[in-house]
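Participant: As a plain string of letters, each chain reads:
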Amino acid sequence: MATTQAFTSPEIAKEMVKLFGAEAKTVTVEIKYRREVGEFVRKIEKAHRDAEKSTLVFR
Amino acid sequence: MDAHRRAASTSVDVVPIGSAFSCFDYVQDHFDRHNAIHRCFSLGRSFDMRMVTIEDIAAQGFVEEENVEIKAYYPDHQMTGLKRLAFWRKPFASAAAIPELGNDDLIGYAIAKKDHVPSCGTHRWHIYEAGFRKYPHPHNCVPGLKSITVRVSGKEFDLPAVVYCQQNGLNKACAHVAVRSLLSRHVKAGDVSYRRINEIAAKSCQGTYSPKDGLDVPQIRAIFRETNIAFRDIDYVEEEKTDKAIRDTHPFQKFLYSGIESGCGGLLGFRLAGPKAQLDRKHIIPFFGHTFNKDTWVPDADIAYFNVGGGVGYIPSESWTSSFLGHDDNFGPNFCVPRLYVRPEQADYVVELLKDAVQYSGAHAEAVAIPFLYSLYPTLASFAPKEKWLRRMATWAHPKMQKAILRAVAIARDEYLRDLASVRDWDGHGERADVVEVLQKLLPEILWVVEVSIPQLFPANERKVGDVILNPLITFDENNPVDFKLLLLVRVPGHYFFVESVAGDTPTFVHIPSQFTSHIPLLKA
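Chains as they are written, first to last, in the working numbering: chain D, 1 to 59; chain C, 1001 to 1525.
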């Protein structure tokens, strides 16, 4: 299975608007906590990259 | 690939387990008091075993391949015993009755092998592999459990189990057997022989490779990569050189639990403790299941809150896990290892295996769900006066409360949508078929589903109020770690939200009604 960089949610939104007509509403939302969560996940990915330098041996 | 499990027998011994039978005596007399073989008999006892069959079998498939490999390292090697033990819960008179037995009668099996190498003083049994069913209690969870086919006295049986393997100090150490245990249950990799594992390890070795000396982390990583298994790992020793707090901020339990919940499993490498432990000796074991203790005190005591950083957090579903289920090649299969027993300073390495082409960890997915879930609070609160389950959810997902319970599960789209189409909420409502059809057409083949629940509902009912669904195929962007492209949808009681567009850093959501206005069951693996 290949990776994809597609932004899929707007495609689904479009189809759902067709399905629900006037029942579909829109709302604009300010997204909070991106900085805090970004730091947390950056550390996971950094640790994963750094593990390539590991010298641990299990026997 | 499983010829070693289907090998024909040259003799069959049938031993009834009456009150006079002693596992201690039998293992002492026939298997030199071998501890892990005794553990197999103990597991049989726990299932009220009534019979054991012991067959002499020929070395076939991977076992035959192993003998060739050992001989290349030790030319004086001889295999002096190969026995297949099967443990039964139904009594029978003789081997002639075995074809009448069913899969449910089989508790487990073990292939015990004795290697003789005079040049290094080796003459001992080890368990080439074994498999035992899990306890039937529903709170003993092994997500993604598959069946192993094993032949006993000419008949093949299917046994739901995770392969246990043991080192022999010749061509495999603890790391080899831990890795093979998890590889054997992974869809794409299938079963992998030690020769293949050693070929990959030798290629990525700096210097002369000797399998009895174990595997280092780059070799373990090379094995997963060569067998096309995605993973995330942390070497805490390496990482704490630049981040002193890493063991606390990114605890190993989160990564193990996430691999387990997605049916892939995880590895934990740790320092041994105890009076005889050598400080530089490190052991690694595989985990594939967990217990679920619905009465645990931990979440209520307010110590389960997981702080992602900057005062942003949630209650992880792993808070209700008392023990991880795994194998320890030193001691045998299917052990419960208390989740908090291995102290953070002892845990040096963790690997979370990922499903298919998933690009990031379950801990990563849970964290990314937070901004979308909590930022929707004002909108949810505006609907809430008239919608009681939305109100209950919004209370716990309030940015000042942050006590939503989150559980990340990587799952195939089709499996998720089969569940969505078939479940009913507490009031008996099912989802609209045309909504499911649109999702079937547009969602990617695999999903990170971050299930959202609330206190009392999660442990007692094992149900949820919503899902934040993320695209697991989006690769990590260092400059935009919480990319809006990651979000596929948010489902809450009575509503779905989809990103329609993004202006700068502000998305506009389309929201439509959902037929689920209360809670639905958690996903079951």
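Since the hints were made in silico from the structure, they are not lab data. Owing to the predicted nature of the structure, the values given are computational and were not obtained by experimental measurement. Even for Gly, the Cβ is constructed at its ideal location relative to N, Cα and C. There could be a bad hint or two in this list.
[What the hints assert, rightly or not] In silico lysine-lysine, BS3-like type, Cα no more than 30 Å apart, as pairs:
(1) D/K53 to C/K1388
(2) D/K14 to C/K1386
(3) D/K25 to C/K1441
(4) C/K1485 to D/K25
(5) C/K1244 to C/K1212
(6) C/K1212 to D/K43
(7) D/K32 to C/K1114
(8) D/K25 to C/K1388
(9) D/K43 to C/K1441
(10) D/K18 to C/K1134
(11) C/K1241 to D/K43
(12) C/K1114 to D/K43
(13) D/K18 to C/K1485
(14) C/K1485 to D/K32
(15) C/K1155 to C/K1294
(16) D/K25 to C/K1400
(17) C/K1388 to D/K14
(18) D/K46 to C/K1485
(19) D/K53 to C/K1400
(20) D/K53 to C/K1203
(21) C/K1388 to D/K46
(22) C/K1386 to D/K18
(23) C/K1114 to C/K1244
(24) C/K1485 to D/K43
(25) C/K1244 to D/K25
(26) C/K1485 to D/K14
(27) C/K1403 to D/K46
(28) D/K32 to C/K1203
(29) D/K53 to C/K1212
(30) D/K46 to C/K1244
(31) C/K1386 to D/K32
(32) C/K1441 to D/K46
(33) C/K1441 to D/K14
(34) D/K25 to C/K1403
(35) D/K32 to C/K1244
(36) D/K18 to C/K1114
(37) D/K32 to C/K1388
[Stated by the list, open to error] Derived, one-sided and incomplete: chain C residues facing chain D with beta-carbon distance under 10 Å:
(38) D1104
(39) A1178
(40) L1215
Participant: Hint compliance check: list the failing hint numbers for this structure, sorted ascending.
Facilitator: Of the numbered hints, 1, 5, 6, 7, 9, 10, 12, 15, 19, 21, 23, 25, 28, 32, 36, 38 do not hold.
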